[in-house]
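Asker: Each chain, written out:
Number of protein chains: 2
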Amino acid sequence: MSVNENVKILESISGLYLGGYHAGIKNSGTKKDIAYFFAPQATGIAGVFTKNNFFAPSVAWSRNVVKSGKAHAIIVNSGNANAGNGRRGEEDVEMTAREAAALLGIRPAEVAVASTGKIGVPMPMEKFIPGVQQMLAHWKQTDARAAAEAIMTTDTVMKLAGSEFIAGSEPCVVAGMTKGSGMIAPNMATTLTFIATDLNWSHDVLQHCLREVNEATFNMVSVDTDTSSNDMVLLLATGAKNVPVTTEHRTQFVEALFHVMKSLAVQIVQDGEGATKLIEARVSGALNVDEARRMAKSIIDSPLVKTAVCGEDPNWGRVLAAAGKVENTSFAQEKVSLSFGTELIVVDGEPLCQPREVYAAQMKGREVLIALDLNQGEHEATAWGCDLTHGYIDINTEYS
Amino acid sequence: MSVNENVKILESISGLYLGGYHAGIKNSGTKKDIAYFFAPQATGIAGVFTKNNFFAPSVAWSRNVVKSGKAHAIIVNSGNANAGNGRRGEEDVEMTAREAAALLGIRPAEVAVASTGKIGVPMPMEKFIPGVQQMLAHWKQTDARAAAEAIMTTDTVMKLAGSEFIAGSEPCVVAGMTKGSGMIAPNMATTLTFIATDLNWSHDVLQHCLREVNEATFNMVSVDTDTSSNDMVLLLATGAKNVPVTTEHRTQFVEALFHVMKSLAVQIVQDGEGATKLIEARVSGALNVDEARRMAKSIIDSPLVKTAVCGEDPNWGRVLAAAGKVENTSFAQEKVSLSFGTELIVVDGEPLCQPREVYAAQMKGREVLIALDLNQGEHEATAWGCDLTHGYIDINTEYS
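Protein chains in written order, with our numbering: chain A, 3 to 402; chain B, 3 to 402.
Hint data in this document are derived by calculation from the structure and do not stem from the laboratory. There could be a bad hint or two in this list.
Each pair may be met inside one copy or between any two copies, as identical chains are not told apart.
[Unchecked claim] Quick list of in silico lysine-lysine cross-link-like pairs, DSSO-like style, CA-CA up to 30 Å:
#  : residue 1 : residue 2
1  : LYS366    : LYS72
2  : LYS243    : LYS53
3  : LYS33     : LYS243
4  : LYS129    : LYS72
5  : LYS53     : LYS366
6  : LYS53     : LYS142
7  : LYS10     : LYS33
8  : LYS129    : LYS243
9  : LYS33     : LYS366
10 : LYS264    : LYS129
11 : LYS337    : LYS243
12 : LYS366    : LYS120
A quick note: this is a predicted structure, and the numbers were derived from the prediction, not measured.
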């Protein structure tokens, strides 16, 4: 779906107000750098956060908000991560939540806070707070495009996704946005992602659905194995649609949420810093999902696989080495089959030894599919990554 | 020490014969591509090998040789890894050992075999075997330079190290060579490394010493987190010096071996593919050595730290994020202190906020020291890595 269509779906969520604004936190010009989400009748919030022990105070704050189960608003800024700032950083987050709460007529503990940008630079509160004041003075609007724009950092495109579904006879919506292109890695809540639904569900069920879908989507993408101090995925239920929590409704919601989160996760790697190709690694025939996931991630994380894809070089030994290096798996080299695109390369451990050009032809497109069959069991997993290019080096040696 | 000095030390090991030869396995010209080590009176061999489940048949073969405890010879080739070649690969390794054994008058099971180079290309035995025959026809020589040259692949320099030590009153030597610049990673025996000593010790004590020193040296360097199908470190005792195994002699040997293996490991990262700077990451104040090692390795493995070092950008938040992402450690951000070179940046969790230039000045040299103090305990560890540059991308997108 196009950005326009996703913007429309997100804006169609009843009971959700959102927008973006220019506060001046970003160095450059008049770019939007703060955003808000507000659901006056919200019934619950769920969240997953970075597992990094070096975490920003916004993560600590919002983790507590999610733990309480209820929130009505999310305040986000880009341009400054407010991480590594010691005690001052914690005070600044609290001040942000207090200020927003006062303007929206809610309690500070009902305001989640998220930040992204530079580490170790004190937050310019003299710009942030007046910006929040002006932005929330007119909160009764739905401008998904402004919000999506405001959360971008090194992103080259805005990233939205939405899905409509019927729960019982009630038409419902789940939709959201994400930002991020570097510092994206496995074992993480990964990047800033904000999703809303018009269901009237509470924290517990939302949290359960979010965790489940997160494992198969955001935790299966990686740009460079680095994990950020600030990552979070928040899911807010506006409470507009009265839908009882049944097994059937839950399945319908999880399917729609999977669609949204997979789309957002893949958009991130497609926009990976310097990326020119999307790598999809499927591992099948595994004894369990866990080993399939670990090997699929190891393939898309391998710098040698990533550079081979960049160079359209069918260096398939690098793929087997990347899967084989994962510890405690059923990988047995005499059993595995491997293919690039539609072309088989290794069957039951024996290489087919076709000419290099046959395999190289499968790497020409914008998406490269790598499929590894362990021939051991019935389980499978897919991970998404991107190639490693000169562009990545440029972006990350020059950023400061 | 210079290459010349290390060559001399290696050649001074009594009872060791070695050399290199051109067999034609490498595509290009007349480069040497096979080498041998032969110790007719050898008393023991030790080895550590790749943990990758995708391993070459030479690894399986040499693992068995080491398990038996005794070997007299090592046959090495570069230009072809003989990995991913199915059953044919296994047969070729056996043929190599049989041929060398016949020429040297020993048993095939006493010949370790090591290969490095392209994966998935059948070994050109019609070149390899005649090369081995011609090389071993004149085995009674000591040409360390020819051997070191023959094992190089993408290496830009030959890598040797040696150390003389006194065990009791007996002057002894331990010295060796290594190759490797890409596919170097932690949790691995890492790369092809051959070390010899003139001690008359047997497998068990050698193996114990090798494992211990390997953990603190080769397992603490990384170029790109990728681990090869072919890596091994072999340690051969020629038996020339009659030195009883006492606690004191063992300590003397371990110190000398540490010197040699640390030097070889650091030479590898200094010659890392595209590397322009050596990164030394020291983690101190840890609760145990294990967590200190895992965090030091995470710092030198982080693509964002590696690109920051390349760009001489004192982006210290990336270092804390790289250490913080390691699971199950005592890392507490409010306690840590961090420095680049001689300049403190964070003290007890509070950033000193000096001008960027003060920190950047510490990154100008060929070696960048990053020191993280957890302020939790008494243990420490050091890891060595290199920066991530355009050169790495060039080498690995174009290699095929």
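Asker: All hints, please: hold or fail.
Answerer: Tested hints:
{"no.": "1", "hint": "LYS366 - LYS72", "result": "neither (48 Å within a copy, 50 Å between copies)"}
{"no.": "2", "hint": "LYS243 - LYS53", "result": "neither (33 Å within a copy, 54 Å between copies)"}
{"no.": "3", "hint": "LYS33 - LYS243", "result": "neither (35 Å within a copy, 74 Å between copies)"}
{"no.": "4", "hint": "LYS129 - LYS72", "result": "within (28 Å within a copy, 72 Å between copies)"}
{"no.": "5", "hint": "LYS53 - LYS366", "result": "neither (36 Å within a copy, 33 Å between copies)"}
{"no.": "6", "hint": "LYS53 - LYS142", "result": "neither (35 Å within a copy, 59 Å between copies)"}
{"no.": "7", "hint": "LYS10 - LYS33", "result": "within (22 Å within a copy, 64 Å between copies)"}
{"no.": "8", "hint": "LYS129 - LYS243", "result": "neither (37 Å within a copy, 75 Å between copies)"}
{"no.": "9", "hint": "LYS33 - LYS366", "result": "neither (36 Å within a copy, 34 Å between copies)"}
{"no.": "10", "hint": "LYS264 - LYS129", "result": "neither (35 Å within a copy, 51 Å between copies)"}
{"no.": "11", "hint": "LYS337 - LYS243", "result": "neither (51 Å within a copy, 47 Å between copies)"}
{"no.": "12", "hint": "LYS366 - LYS120", "result": "between (36 Å within a copy, 22 Å between copies)"}
Of the numbered hints stated above, those contradicted by the structure are hints 1, 2, 3, 5, 6, 8, 9, 10, 11, listed in ascending order.
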